[in-house]
Each structure stands twice: as C-alpha cells, then as structure tokens.
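Engineer: Per mature numbering (1 follows the signal peptide of the UniProt record, and there is no 0): the sequence shown = residues -30 to -1, 1 to 295.
A hint or two may mislead.
As the list claims (entries may be wrong) - No farther apart than 16 Å at their CA atoms in a straight line, the calculated lysine to aspartate or glutamate pairs in the EDC-like style are these: (1) Lys30 <-> Glu276; (2) Lys30 <-> Asp275; (3) Lys264 <-> Glu290; (4) Lys204 <-> Glu290; (5) Lys30 <-> Glu44; (6) Lys30 <-> Glu290; (7) Lys204 <-> Glu174.
To be clear, the hints were calculated from the coordinates, so they are not data collected in a lab. Quick caveat: nothing in here was measured; it's all calculated off a predicted structure.
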Amino acid sequence: MGSRCSMGGRSWLSCGLFVLGLWCINFSWVQPLECSPAILPSGVSEILSSRQHGFTITSKSSQFLHSYWLLHFEAAPFLGSSRLQLWAWVPVPPHASELILELKDHERAQRILLDTFPIIFSSYESEGGVLLEIYCLLVYWMEVVPILLAEKSVSTEIPGAILRECSRTQDKRDAVLLFVSSSYAQPSLFHLPYVQEPFIPDVEQLLLSPNHQEVDRDQVHLPTQKLCHLQDQKVNLYRASWGQCIVAPKTFSFPSCQGNCLALNSELLHSNFECYKREAPTCSRLFQVCSPIKARLFSLMVQDDEHKMSVHYMNTSIVEKCGCS
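Let's have the full structure, built from the sequences with the hints guiding it.
Structural biologist: Next comes the structure, spelled out in structure tokens:
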C-alpha cells in the first residue's frame, strides 16, 4: 500500500500516529473511547449526561476540490432548532497554503467568509483515503460557535488567535483525525488522547465549584500582592485519570479572585487597622468582598460517536477580572 505523510512542520506528531489511525479504520474501530459514568467524576458526568446547555458539531461531508479538502460541519444547540453550516477549505500543499473558513445559517442565503489562516494541517495519505489532523479546527469551532449562535456576529478575533496558537504549538497533545475518502459519504472522527502520569487527584473540583477565599486576618500591613487580585491556577487534564474522555481543552488557566479589599475612606481604613490588631470578629463588615467582575463561559468538548462532538457548558465560568464590591 502506498502512503505519504505530510506534517506541515509539526514535530510533535509522528507518521506513526497516522498509521495507528489508519489501522483503526481498517478494523472498523469507529466507536469513541469508553467514558462511562463510572469513569467520569459524578459532577462532570451529570453535566455531560443532562445535555441542557451546549451544542454538537457533526462532520457531514467532504470532497476534494482544486488542491483543497472541503469539509462540511453542522453545529446545533442541544435545545432549539438553530443550525449553523460550517465549511473548512483545508489546503493540500504545495499548490494551496491558506485555510479558508466559511459560515451559513438560516438568515443567510449564501455562505459568508469567516476568516483565512496560513495554516496547513498534518495529514496521512493512503490508497484508502486521507487522515487529516483537525484538533485545532475543532478548538476553533468550539470557541466561535457560541458567539455565532448568541450574537449572530462574525467577529472571530479571539477564536482566530486560539487557532493560530494551537497550530503553532510543538507540545505533545491530543489528536483528532478526520478520515476523508471518496468511498465514504460522511467522514469519521477519531480522538486519540495523550496521557501524562502520574495522575493528579481531584482535578474536577476546580471545574465544578468556584474557590472562595477568606480574608487573611493575620496580614495587617497588606502588600500590593495581598490586595484583591486575579490568582492564576493551572489545570492539566492530561494528568486527570478521566482526562482521556475530554477532547478539549486539556490545559488551561482557571483563575480565582483572592486578596482583601481595603476601605477607601481614611477614617474607616484606620478603624480596620485597629480592628484587625484586636482580631475582633466583626472586622469583615468593614471590608468589601473581592469577587469576579468579568468572566467568560467555560465548556468541555467530548466525542459522542464517530461523526459527532459535543460541547457542554459547565456550571462555572473562567474569571477574567476581579474587583471589590
């Protein structure tokens, strides 16, 4: 069997990975990973099984046109009848080098251009078809679809930056392979997780409940770093025992608001100082609370079947800015 690997400059993904993907296809291993409720933490499993908040991304078709693989996806919310038709013109070097992304919804009669990127996906070609590594494309859809569903906007600045950063990374990470072939009407998706050990326990606690920090009463003269601020916390799902069930994101920051809020009035400030020296139990009423004033939606992507991914909105948000109130 003749075959060819095209890595697009990516050193982290070897041709052996694509051989593994092709081997899975030949043996009809098209079922997603076994991620039963027994494997997932109960809180995460409950959110994923409820299917109340989120959307699906389904691979619909593919065809080869003029040095491009034209991939068609459909995004649909769990609840509601809205549909987004998404297209990705994936370049095949050397005659094409620009990834072109397009959109169509029920309000638009024709497709509109979302964005273009000088990005080439890794691929593996054989006589049976082509495997395209589209992990970064799915991460892009994961970010842009909520914007399009909620705002009907085509502003993709932040998702575009995420796609560029994802495509540049040289680190080991998960891969999602899309098998495209003239013999199959609907392309198949294969999630190949990357796992790091040893596993870290209780990673899910950061995802399921915000961290509430109490005022540090031992600090009287509070340096700048002890005032209300955003405290960054890193989460690595590669090192969670259930992390292989999650497609994206796998590493991210999960900041929390920490620190104290001092009264601005000088008289109150002096009162606070004296109160804390006495360790009086009523001191907290003199302080405002350090809490989030800007946050964004946090979600997880999992694979449903060989053609579909689901993006689930979690019960918590990622804090972007803190303030006193």
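Engineer: Each hint should be assessed against the structure and marked as holding or not.
Structural biologist: Hint-by-hint comparison with the structure:
Of the supplied pair hints, the one linking lysine 30 and glutamate 276 holds, its CA atoms being roughly 11 Å apart against a limit of 16 Å. Taken as a hint, the lysine 30 and aspartate 275 pair is honoured in the structure, with Cα atoms around 13 Å apart against an allowance of 16 Å. Restraint check for lysine 264 and glutamate 290: satisfied, since their Cα atoms lie roughly 5 Å apart, inside the 16 Å limit. A distance of roughly 14 Å separates the Cα atoms of lysine 204 and glutamate 290; the hinted pair therefore holds under the 16 Å criterion.
With a C-alpha separation of about 7 Å, the suggested pairing of lysine 30 with glutamate 44 holds against the 16 Å cut-off. Note on lysine 30 and glutamate 290: the hinted pairing is violated, with a Cα-Cα distance of about 35 Å set against a maximum of 16 Å. Of the supplied pair hints, the one linking lysine 204 and glutamate 174 holds, its CA atoms being roughly 12 Å apart against a limit of 16 Å.
The structure shown violates just one earlier hint, number 6.
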